[in-house]
Amino acid sequence: MDRGAADLEPALARVLQAGTYVSITLVAVGTVLLIAGGISPLAGGPALHIERVLSDVAEGRPEGFLWLGILGICVTPALRVAGALVGFWRRGERDMVAVALLILAVVAAGVATGLLAG
Amino acid sequence: MDVGLLMLAGGIAAGAFGSILGLGGGLLIVPLLTLAFGLPLREAVGVSLVCVIVTSSASAGVYLQRKQANLRLGMVLELFTATGAIIGGAIAFLIDERLLAGLFAILLVYVAATMLGGLRRRVTAEPATDDETPPHAHAVGEGVERDDRAYLSGRMPVAAVGSVGAGIASALLGIGGGLIKVPLMHLVLGVPLRIATATSNLMIGITASASAIVYLVRGGIDAYVAGPTAIGVFVGATVGSRLGHRIGQRQLRVAFVLVLLYTAVEMARRALAIG
Numbered sequence: 013m014d015r016g017a018a019d020l021e022p023a024l025a026r027v028l029q030a031g032t033y034v035s036i037t038l039v040a041v042g043t044v045l046l047i048a049g050g051i052s053p054l055a056g057g058p059a060l061h062i063e064r065v066l067s068d069v070a071e072g073r074p075e076g077f078l079w080l081g082i083l084g085i086c087v088t089p090a091l092r093v094a095g096a097l098v099g100f101w102r103r104g105e106r107d108m109v110a111v112a113l114l115i116l117a118v119v120a121a122g123v124a125t126g127l128l129a130g
Numbered sequence: 002m003d004v005g006l007l008m009l010a011g012g013i014a015a016g017a018f019g020s021i022l023g024l025g026g027g028l029l030i031v032p033l034l035t036l037a038f039g040l041p042l043r044e045a046v047g048v049s050l051v052c053v054i055v056t057s058s059a060s061a062g063v064y065l066q067r068k069q070a071n072l073r074l075g076m077v078l079e080l081f082t083a084t085g086a087i088i089g090g091a092i093a094f095l096i097d098e099r100l101l102a103g104l105f106a107i108l109l110v111y112v113a114a115t116m117l118g119g120l121r122r123r124v125t126a127e128p129a130t131d132d133e134t135p136p137h138a139h140a141v142g143e144g145v146e147r148d149d150r151a152y153l154s155g156r157m158p159v160a161a162v163g164s165v166g167a168g169i170a171s172a173l174l175g176i177g178g179g180l181i182k183v184p185l186m187h188l189v190l191g192v193p194l195r196i197a198t199a200t201s202n203l204m205i206g207i208t209a210s211a212s213a214i215v216y217l218v219r220g221g222i223d224a225y226v227a228g229p230t231a232i233g234v235f236v237g238a239t240v241g242s243r244l245g246h247r248i249g250q251r252q253l254r255v256a257f258v259l260v261l262l263y264t265a266v267e268m269a270r271r272a273l274a275i276g
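Chains as they are written, first to last, in our numbering: chain A, 13 to 130; chain B, 2 to 276.
Source of the hints: derived by calculation from the structure; they are not laboratory data.
Small disclaimer: the values here were computed from a predicted structure and weren't measured.
No residue lacks a Cβ here, since even glycine has one placed at the ideal position from N, Cα and C.
Listing some non-contacts, in silico: residues in chain A with all C-beta distances to chain B over 12 Å:
id	residue
1	Leu66
2	Ala70
3	Glu71
Restraint ranges, calculated between C-beta atoms of paired labels, are given here:
id	chain 1	residue 1	chain 2	residue 2	range
4	A	Gly56	B	Phe94	13 to 23 Å
5	B	Arg99	A	Ile62	25 to 35 Å
6	B	Pro158	A	Leu113	15 to 25 Å
7	A	Arg102	B	Arg243	34 to 44 Å
8	A	Leu113	B	Val159	18 to 28 Å
9	A	Ala121	B	Gln66	26 to 36 Å
10	B	Leu117	A	Arg103	42 to 52 Å
11	B	Val255	A	Ala121	42 to 52 Å
12	B	Val162	A	Ala121	12 to 22 Å
13	A	Leu113	B	Val63	21 to 31 Å
14	B	Arg99	A	Ala30	40 to 50 Å
15	A	Leu66	B	Pro184	38 to 48 Å
As a list, the in silico DMTMM-like pairs of lysine to aspartate or glutamate whose alpha-carbon atoms are at most 25 Å apart:
id	chain 1	residue 1	chain 2	residue 2
16	B	Lys68	A	Asp107
17	B	Lys68	A	Asp19
18	B	Lys68	A	Glu105
Okay, chain A solo, but in the shape it has when bound:
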């Protein structure tokens, strides 16, 4: 394996691990609040309102922690791709930069598709 990838991989591993542990901790706090509050998971969770997530966290509501954690979980792999993009850019690997950009464009297209259809 060449030196570029060898430098890049530990950094990307840290991005994945940090993103996962922070997100799963938030979900764990939300789950504890949910169970402690006697709320049944089958009661139907509240819909995601991005603008309310931080205020829900500040007020100690389970849905705030749960949504923030779930968003973190969903975004972590894309952060790894963004990190790879920066790494490949520094190494001058333009073809891999293009691949990373295309992956991020596909993910963005998914958001756009969902918003348009929803």
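With chain A's structure known, arrange chain B on it following the hints.
Relative to chain A, chain B alone:
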């Protein structure tokens, strides 16, 4: 017992079994949530995708650190799996849930048959290890494990089409898609099985993430269900990865095949709207 605690326990069992048997948790979470907790199949798929990302990201980090995953190959292929995932995410909201249940039943039977085949191979002492020589190893020569680009060969179009298929399956059924990606890399591109497994794990994150985002934006993920289930799967997968080598695999696999077949029958009943 509290439903949240039951979901947590179910998630732990699914994560541990999935980890010990080398299967993604998604294969077990969807039946668990639909058959045991009565969730609609599409909601179960959305929650399963969140769980799949958690376990994939945690283990992919380890694989990257150990330099077992092929970053460049994984990124080229995940461009296609992510595209498939977006397509699958869009299709999932258009098709009847009974069709989804039917597809899931077929998937379960396929996995059970594959596991039975693996058991028979072990009995007849055929080699089936991670170090198995890939069929096309001669095409890329020695030292391929150290060269990230060695597998980006003329067979890539076949792998690209297969990867789109893996992405669609992931989004429709809430699985990681490793069942398709690993054989594809091993048989088509000649990647050694151990590297193919690690690279597939790396790709699962962005594949499941692309489809989970579609589910998320369209209101297909229930945070109250996703919370306890994801925590359970994370804990179960962590425990399973540490205990796996101490547990008798053969008996566990036989029991698991029976569970898969029973679940397949239940899913098929749902697909046919029986009972």
